[in-house]
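S.K.: Here is what each chain is made of, one letter per residue.
Protein chains: 2
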Amino acid sequence: MNWAVIMAGGVGERFWPMSRRTRPKQLLSIVGKRTMIQQTVARLRGVVAPSRMVVVTTADQVPLVRKQLPKVKHIIAEPVGRNTAPCVGLAAAIIGKHDPSAVMVVVPADSYIPDMAQYRRVVKDALEYAVRENVLITIGIQPASPHTGYGYVQLGESITGRISRAKRFVEKPDRATAEQFLASGEYLWNAGMFVWSVGAISEALAKHQPDIAAGCRAIQAAVGTPAFTRVLKREFAKMTKISIDYAVMEKAGNVVVAKGDFAWDDVGDWAAIERHQVKDDAGNATRGEFVGVDAKNCVIVNDTGKIITAVGVSDLVIVQTGDATLVCRKADSQRVREVVKQLATQAKYRKLL
Amino acid sequence: MNWAVIMAGGVGERFWPMSRRTRPKQLLSIVGKRTMIQQTVARLRGVVAPSRMVVVTTADQVPLVRKQLPKVKHIIAEPVGRNTAPCVGLAAAIIGKHDPSAVMVVVPADSYIPDMAQYRRVVKDALEYAVRENVLITIGIQPASPHTGYGYVQLGESITGRISRAKRFVEKPDRATAEQFLASGEYLWNAGMFVWSVGAISEALAKHQPDIAAGCRAIQAAVGTPAFTRVLKREFAKMTKISIDYAVMEKAGNVVVAKGDFAWDDVGDWAAIERHQVKDDAGNATRGEFVGVDAKNCVIVNDTGKIITAVGVSDLVIVQTGDATLVCRKADSQRVREVVKQLATQAKYRKLL
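Chains F and A, in that order, are what the protein sequence lines are.
If you're matching positions, the first sequence starts at 70 in this note's numbering and goes up one per residue.
If you're matching positions, the second sequence starts at 70 in this note's numbering and goes up one per residue.
Be a bit skeptical, because a hint or two may be false.
Copies of the same chain look alike in the list, so a pair counts if it fits in one copy or across any two.
[Said to hold, decoys possible] The list that follows gives simulated cross-link-like pairs (lysine-lysine, DSS-like), each with its CA atoms no further than 25 Å apart:
hint, residue 1, residue 2
1, Lys365, Lys410
2, Lys166, Lys310
3, Lys399, Lys310
4, Lys348, Lys417
5, Lys417, Lys365
6, Lys375, Lys399
7, Lys140, Lys320
8, Lys348, Lys410
9, Lys375, Lys420
10, Lys302, Lys241
11, Lys142, Lys302
12, Lys142, Lys102
13, Lys241, Lys417
14, Lys236, Lys348
15, Lys375, Lys310
16, Lys307, Lys328
17, Lys302, Lys276
18, Lys365, Lys399
Worth flagging that the hints you see were computed from the coordinates, not collected in a lab.
Please model the complete structure; the sequences and the hints are all you need to start from.
M.R.: Right under this line is the structure:
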């Protein structure tokens, strides 16, 4: 059967003040009306039933995840953050207990993919291929720009349809390299979306990251027993903190790429949302009450009934929630994390985290 | 006896969102802890007793003026705004009824003059001179910069101490002219502060603006009677809307200048307040909760318990009140009025005016 793993471990500091520890980006309506994680579930409709979805998140987020995804049964809190390899292993252990011959698609909870139909075709193709072959599939996104913030995967020999061999994985490139990649047509963005059978990923973890594989076997044995939480906590703490890319994808010999020919955006910061919103005549992407006088190309997110006004400014992000206001140069949107770090140093601001 | 007239008719749109119709600039603590009008009263201590002060304001502001100035007895609401000449005539009528031989100093309610001692010396000198001579005195401020937003008065022949004849009044000059004025040492800022006897100003109004003088005589006859409010309303509506500068000072032959050798600031907009506040290491003048990351030379006024944060921005004014937030390029501070005008066009925003 088809299963899905939704990785929702992010803390989303770049979307402060809207994002908080208990409500990070994936649990917010950053783009569109539904939250990012609700869109992620909806996007898999017809491919994976909600009863066969596993959301892996943090304890802080569990209550809100349950509320937002009432139909999803498997919601697991990681006892500690251990990056994506232990997360994938844990999910595979749980799925394998219910359905040892399962194939699974692994996706982040917080990407934006507007073309759901095309997305479903790609994921279905990959799942069907993973049923037949003992492979590890990464869904590579056709790059829309020479982005230096993403990893890339180079296509090797074509196998069938949109499936090709993976020649090599490349870390975030410099600008010139990224431009070469884009021009060559051989490189795809490595978007953190994977497809494989429980058997294939378990075998790969056993081979390349035996400590994680051993922990996952112990966890699997405890699934459905009263010892589960205790075992999970104990085993997770021992696992190496490593990404699935480093741990497995860059080492395994049976890695293939499914070409993802759909628009994809990881919506990495406030500035990103203007790509997906209708703008006013002055180029402002606004949500909520706003009055501008000669205000241009701003991103305004007003989560309150109170008004935001701007005069003579351009290329700013202005976000207002019930208890905080952010004014940020659009080009510095990634630095919103630094505000969160500063707030964390003072007890009086802890309620804002 | 010495009397004072405090002109508090301004609507203060440039200090929105803190200023509102019922609480304009003079009733706010824009600079310092006390409100501008409280500072104006305190500045006259030892020169004029609060019982001999007349505040002329709008009906909207009367309740708050009474609250802020409990010792001031004469608080008069103008039925309609008619600029400064009718305001001065009205005040002279009231004062003249109580004390026909009074001398009076007329001041705006919303200037900032930190050196109270020097201010008192100048006002006292002028009042003493006005007791002896039938003159109209304007207190001219020694200019600190070639400001193009103020009118100037050219000094004539010196009379005694800091009193000189007034040679001519000049409207807001262009930059080059203002620089010449500053370099010459002959020009002072016309700051809207005047000293004269009730007799001298009544005589001048009768000569140069007889309609206002006639109205003021009718009002004076009604002072202390039940007809006062009705007469005031009727007579005020008929008066010419004109400034005391145009109506009298630029025409009369007995105008003299008292040199005001003290720092003076009309605090015309949000950007002005940074001149009177201690700044942080990054040049930010802040009031209230604020956390900046690479935020420079900003003016932050936070009237709420909620935090304002700023990342990567410079030369902005950010003001937050309980129901509104303003983000304004510092150089565009005067344009805050345009926001108020925009808000006035929509019923849903009327509560913000």
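S.K.: It remains to establish, for every hint, whether it holds in the given structure.
M.R.: Evaluated hints:
Proximity of Lys365 and Lys410 under a CA criterion of 25 Å is satisfied inter-copy only: 19 Å between copies versus 29 Å inside one chain copy. For a Cα distance limit of 25 Å, the shortest separation of Lys166 from Lys310 inside one copy, 24 Å, qualifies, whereas the shortest one across copies, 88 Å, does not. In this assembly of identical chains, the alpha carbons of Lys399 and Lys310 never lie at most 25 Å apart, being 33 Å within a copy and 48 Å across copies at closest. Taking the shortest alpha-carbon separations for Lys348 and Lys417, only the inter-copy value of 22 Å comes in at or below 25 Å, while the best intra-copy value is 37 Å.
Taking the shortest Cα distances, Lys417 and Lys365 sit within 25 Å of each other only across copies (24 Å), while inside one copy they are farther apart (35 Å). For the homomeric pair Lys375 and Lys399, the shortest alpha-carbon distances inside one copy (22 Å) and between copies (22 Å) are both at most 25 Å. For the homomeric pair Lys140 and Lys320, neither the shortest alpha-carbon distance inside one copy (36 Å) nor that between copies (84 Å) is at most 25 Å. Taking CA atoms no more than 25 Å apart as the test, Lys348 paired with Lys410 passes between copies only; the shortest distance there is 23 Å, against 31 Å inside one copy.
In this assembly of identical chains, Lys375 and Lys420 lie within 25 Å of each other by CA distance both inside one copy and across copies; the values are 21 Å within and 11 Å between. Taking identical chains as interchangeable, the C-alpha atoms of Lys302 and Lys241 are never at most 25 Å apart, the minima being 33 Å within one chain and 76 Å between chains. Only within a single protomer do Lys142 and Lys302 lie at most 25 Å apart by alpha-carbon distance; the minimum there is 20 Å, versus 75 Å between protomers. For the homomeric pair Lys142 and Lys102, the shortest alpha-carbon distance inside one copy (23 Å) is at most 25 Å, but the shortest distance between copies (58 Å) is not.
In the homo-oligomer, the alpha carbons of Lys241 and Lys417 never lie at most 25 Å apart, since the shortest distance is 38 Å inside one protomer and 49 Å across protomers. Taking the shortest alpha-carbon separations for Lys236 and Lys348, neither the intra-copy value of 41 Å nor the inter-copy value of 57 Å comes in at or below 25 Å. For a Cα distance limit of 25 Å, the shortest separation of Lys375 from Lys310 qualifies neither inside one copy, at 43 Å, nor across copies, at 37 Å. Within a single copy, Lys307 and Lys328 get their C-alpha atoms no closer than 35 Å, and across copies no closer than 82 Å, so neither meets the 25 Å cut-off.
Proximity of Lys302 and Lys276 under a CA criterion of 25 Å is satisfied intra-copy only: 23 Å inside one chain copy versus 94 Å between copies. Taking identical chains as interchangeable, the C-alpha atoms of Lys365 and Lys399 lie at most 25 Å apart whether they share a chain (12 Å) or sit on different chains (16 Å).
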